[in-house]
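Here is how the chains run, residue by residue.
2 protein chains.
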Amino acid sequence: MFYAAAVMPHGDEVLSPQDPDTMSLSSAMKKIGASLENVHEYVIVTPHNIRIWDHIGVILTEYAEGKWEFGDVEIAGKYRCDKDLAVQIYQEAKNRNIPVVGINYGALEGPLSKIQLDWGTLIPLHFLPRRDIVLITPARGIPRETLVEFGRVIGEIISKGENRVALIISADHAHAHLPDGPYGYAPEAKEYDHMVMDILKKGSLDRLFSIPPELIEKAKPDSYWQLLMLYGALLGRRYSVENCRYARPTYFGMGTAFIKLK
Amino acid sequence: MFYAAAVMPHGDEVLSPQDPDTMSLSSAMKKIGASLENVHEYVIVTPHNIRIWDHIGVILTEYAEGKWEFGDVEIAGKYRCDKDLAVQIYQEAKNRNIPVVGINYGALEGPLSKIQLDWGTLIPLHFLPRRDIVLITPARGIPRETLVEFGRVIGEIISKGENRVALIISADHAHAHLPDGPYGYAPEAKEYDHMVMDILKKGSLDRLFSIPPELIEKAKPDSYWQLLMLYGALLGRRYSVENCRYARPTYFGMGTAFIKLK
Numbered sequence: 036m037f038y039a040a041a042v043m044p045h046g047d048e049v050l051s052p053q054d055p056d057t058m059s060l061s062s063a064m065k066k067i068g069a070s071l072e073n074v075h076e077y078v079i080v081t082p083h084n085i086r087i088w089d090h091i092g093v094i095l096t097e098y099a100e101g102k103w104e105f106g107d108v109e110i111a112g113k114y115r116c117d118k119d120l121a122v123q124i125y126q127e128a129k130n131r132n133i134p135v136v137g138i139n140y141g142a143l144e145g146p147l148s149k150i151q152l153d154w155g156t157l158i159p160l161h162f163l164p165r166r167d168i169v170l171i172t173p174a175r176g177i178p179r180e181t182l183v184e185f186g187r188v189i190g191e192i193i194s195k196g197e198n199r200v201a202l203i204i205s206a207d208h209a210h211a212h213l214p215d216g217p218y219g220y221a222p223e224a225k226e227y228d229h230m231v232m233d234i235l236k237k238g239s240l241d242r243l244f245s246i247p248p249e250l251i252e253k254a255k256p257d258s259y260w261q262l263l264m265l266y267g268a269l270l271g272r273r274y275s276v277e278n279c280r281y282a283r284p285t286y287f288g289m290g291t292a293f294i295k296l297k
Numbered sequence: 036m037f038y039a040a041a042v043m044p045h046g047d048e049v050l051s052p053q054d055p056d057t058m059s060l061s062s063a064m065k066k067i068g069a070s071l072e073n074v075h076e077y078v079i080v081t082p083h084n085i086r087i088w089d090h091i092g093v094i095l096t097e098y099a100e101g102k103w104e105f106g107d108v109e110i111a112g113k114y115r116c117d118k119d120l121a122v123q124i125y126q127e128a129k130n131r132n133i134p135v136v137g138i139n140y141g142a143l144e145g146p147l148s149k150i151q152l153d154w155g156t157l158i159p160l161h162f163l164p165r166r167d168i169v170l171i172t173p174a175r176g177i178p179r180e181t182l183v184e185f186g187r188v189i190g191e192i193i194s195k196g197e198n199r200v201a202l203i204i205s206a207d208h209a210h211a212h213l214p215d216g217p218y219g220y221a222p223e224a225k226e227y228d229h230m231v232m233d234i235l236k237k238g239s240l241d242r243l244f245s246i247p248p249e250l251i252e253k254a255k256p257d258s259y260w261q262l263l264m265l266y267g268a269l270l271g272r273r274y275s276v277e278n279c280r281y282a283r284p285t286y287f288g289m290g291t292a293f294i295k296l297k
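Chains B and U are the protein sequences, given in the same order. 36 is the number of the first residue of the first sequence in my numbering; add one for each residue after it. 36 is the number of the first residue of the second sequence in my numbering; add one for each residue after it.
Be aware that a few hints might be false.
Same chains, same label: a pair holds when it works inside one copy or across any pair of copies.
[As the list claims (entries may be wrong)] 20 angstroms max Cα-Cα, derived EDC-like pairs, lysine to aspartate or glutamate:
1) K195 - D54
2) K102 - E72
3) K65 - D47
4) K253 - E226
5) K129 - D119
6) K102 - D167
7) K297 - D215
8) K118 - D47
9) K225 - E191
10) K102 - E277
11) K195 - E127
12) K195 - E226
13) K129 - E226
14) K195 - E100
15) K295 - D54
16) K297 - D56
17) K118 - D89
18) K253 - E144
19) K129 - E104
20) K297 - D47
21) K113 - E127
22) K225 - E197
23) K225 - D89
24) K225 - E109
25) K113 - E100
26) K195 - D47
Worth flagging that the hints you see were computed from the coordinates, not collected in a lab.
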């Protein structure tokens with residue numbers, strides 16, 4: 036059962052928020068966690084695990100483990116992966132000719148079949164009740180429509196199962212907010228973040244297609260491709276959006292949205 | 036410059052050899068290390084990193100790091116990756132329509148662009164002088180000829196460059212040697228290992244094609260697909276083979292071969 040979806044940031048700053056906006060964002064993440072108390076598992080899309088330009092990745096390991104440090108905060112997590120669900124998603128995507136690879140690591144089975152977790156998963160999961168996961172990695176080099184179609188596969192597969200599943204979109208937004216940031220300054224960063232947060236708030240994800248590729252290129256977000264998957268997963272479904280928060284404590288934008296399916 | 040190639044085992048037992056055969060194997064690995072003192076870098080093929088059934092993987096991270104423990108022995112290694120060479124191999128394979136994916140992890144660039152190292156790389160590299168690496172992952176679900184063709188790409192690319200490169204094939208052989216081993220017993224295990232060691236010793240890698248798929252299936256090796264890449268890399272080249280050793284201290288076979296190009 037497709038229970039809910041959430042857009043969650045993965046910037047270090049949410050672990051130790053210093054300003055009112057980031058504090059509010061961090062507490063929105065906790066609220067999202069509380070709202071997910073009844074879910075059985077997560078499908079989580081992260082842009083910082085395996086990165087393949089032209090293929091979506093579905094992780095097929097039995098376990099996922101990693102740690103992440105930021106200042107005094109250390110997050111360590113070991114998760115079981117729901118390999119059956121992962122295989123279903125992989126197989127259906129493959130059947131639809133979506134460019135997708137099934138990725139194991141180490142051994143094919145058992146405790147050594149384990150992918151390393153990245154900050155893009157560890158940080159959002161830190162705010163959520165501990166559950167099994169399916170790990171998905173987006174791809175930037177494939178058509179927008181294909182990412183939407185893959186999202187549709189996720190939505191269909193998790194809707195069919197008995198488990199209550201939440202789709203977690205790990206995403207930070209534009210990275211070109213500050214002249215002295217690692218990606219420099221572009222006015223498109225503010226524009227992108229504003230548009231995306233408005234799209235999420237209004238639940239009008241079809242408008243993602245109206246964002247020009249050049250604007251995305253200049254804004255340097257870490258969210259667009261995952262959001263297209265979210266759009267696909269939600270196609271034809273009724274839902275409400277809550278807990279939209281935004282903060283930009285440093286050179287990149289972060290936002291939350293909790294999407295409750297009806 | 037394609038300087039040399041080596042087949043190296045990655046079973047824990049070589050780290051702390053207890054019987055004469057494994058001691059001899061372990062010392063052969065050290066000798067191979069000594070023979071590679073003049074190389075600038077390694078292309079290493081490992082079956083225990085990323086595992087994708089139907090696509091060869093070329094790791095495109097800037098760094099690779101991991102650790103491995105066996106009894107009292109802990110190996111920890113952090114390596115720089117030669118991303119330029121990796122991209123060349125990936126691109127040429129792609130041009131030839133070989134099913135290959137370029138795999139980054141974490142960030143696209145910088146210190147967070149780092150793949151986790153597996154025992155299939157850490158153990159062989161432990162015996163070799165510390166150099167930069169290019170990490171390749173084999174695929175079991177693609178035609179034999181395609182693995183050979185990919186090997187040919189490796190051989191051609193490293194032959195063109197100025198750096199002295201060694202191709203390291205991380206491989207253990209049949210895993211069905213013992214009835215109480217995790218893969219059970221099959222007489223084909225001994226047969227496979229005997230054939231493969233004979234093929235390596237005589238440098239007659241074309242004979243890999245004469246091994247029936249059913250025998251491979253029953254013997255359960257961890258070497259066949261990498262050896263096909265080795266075969267492709269060596270095609271049309273003159274070389275001598277030294278330092279062939281074999282040991283089977285437990286349920287799987289291990290062997291070395293050092294291949295010096297002329």
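Against the structure, the hints come out as follows:
When the C-alpha separation of K195 and D54 is checked against a cutoff of 20 angstroms, the pair qualifies neither within a copy, at 42 angstroms, nor between copies, at 55 angstroms. When the C-alpha separation of K102 and E72 is checked against a cutoff of 20 angstroms, the pair qualifies neither within a copy, at 23 angstroms, nor between copies, at 36 angstroms. With identical chains, the CA atoms of K65 and D47 are at most 20 angstroms apart within one copy only, with a shortest distance of 15 angstroms there and 43 angstroms across copies. Taking the shortest Cα distances, K253 and E226 sit within 20 angstroms of each other inside one copy (10 angstroms), while across copies they are farther apart (60 angstroms).
Within a single copy, K129 and D119 get their C-alpha atoms as close as 15 angstroms, which meets the 20 angstroms cut-off; across copies the closest is 31 angstroms, which misses it. Taking the shortest alpha-carbon separations for K102 and D167, only the intra-copy value of 17 angstroms comes in at or below 20 angstroms, while the best inter-copy value is 25 angstroms. Taking the shortest Cα distances, K297 and D215 never come within 20 angstroms of each other, neither inside one copy (44 angstroms) nor across copies (53 angstroms). When the C-alpha separation of K118 and D47 is checked against a cutoff of 20 angstroms, the pair qualifies neither within a copy, at 29 angstroms, nor between copies, at 27 angstroms.
For the identical chains of this complex, K225 and E191 are neighbours neither inside a copy (34 angstroms) nor across copies (47 angstroms), given an alpha-carbon limit of 20 angstroms. Taking the shortest Cα distances, K102 and E277 never come within 20 angstroms of each other, neither inside one copy (30 angstroms) nor across copies (43 angstroms). For a Cα distance limit of 20 angstroms, the shortest separation of K195 from E127 inside one copy, 13 angstroms, qualifies, whereas the shortest one across copies, 42 angstroms, does not. Proximity of K195 and E226 under a CA criterion of 20 angstroms is satisfied in neither setting, with 38 angstroms inside one chain copy and 47 angstroms between copies.
Taking the shortest Cα distances, K129 and E226 never come within 20 angstroms of each other, neither inside one copy (36 angstroms) nor across copies (37 angstroms). Proximity of K195 and E100 under a CA criterion of 20 angstroms is satisfied in neither setting, with 28 angstroms inside one chain copy and 40 angstroms between copies. Taking the closest pair of Cα atoms, K295 and D54 never come within 20 angstroms of each other, the shortest separation being 28 angstroms inside a single copy and 62 angstroms across copies. Taking the shortest Cα distances, K297 and D56 never come within 20 angstroms of each other, neither inside one copy (29 angstroms) nor across copies (66 angstroms).
For the homomeric pair K118 and D89, the shortest alpha-carbon distance between copies (18 angstroms) is at most 20 angstroms, but the shortest distance inside one copy (23 angstroms) is not. With identical chains, the CA atoms of K253 and E144 are at most 20 angstroms apart between copies only, with a shortest distance of 18 angstroms across copies and 42 angstroms within one. For a Cα distance limit of 20 angstroms, the shortest separation of K129 from E104 qualifies neither inside one copy, at 36 angstroms, nor across copies, at 37 angstroms. Taking the shortest Cα distances, K297 and D47 never come within 20 angstroms of each other, neither inside one copy (32 angstroms) nor across copies (53 angstroms).
Proximity of K113 to E127 under the C-alpha cut-off of 20 angstroms is found in neither arrangement, the shortest distances being 27 angstroms within a copy and 38 angstroms between copies. Proximity of K225 to E197 under the C-alpha cut-off of 20 angstroms is found in neither arrangement, the shortest distances being 41 angstroms within a copy and 47 angstroms between copies. For the identical chains of this complex, K225 and D89 are neighbours neither inside a copy (28 angstroms) nor across copies (41 angstroms), given an alpha-carbon limit of 20 angstroms. Taking the shortest alpha-carbon separations for K225 and E109, neither the intra-copy value of 31 angstroms nor the inter-copy value of 48 angstroms comes in at or below 20 angstroms.
In this assembly of identical chains, the alpha carbons of K113 and E100 lie at most 20 angstroms apart whether taken from the same copy (4 angstroms) or from different copies (19 angstroms). With identical chains, the CA atoms of K195 and D47 are never at most 20 angstroms apart, being 35 angstroms at best within one copy and 44 angstroms at best between copies.
In summary, the structure is inconsistent with hints 1, 2, 7, 8, 9, 10, 12, 13, 14, 15, 16, 19, 20, 21, 22, 23, 24, 26 from the numbered list given earlier, while agreeing with the others.
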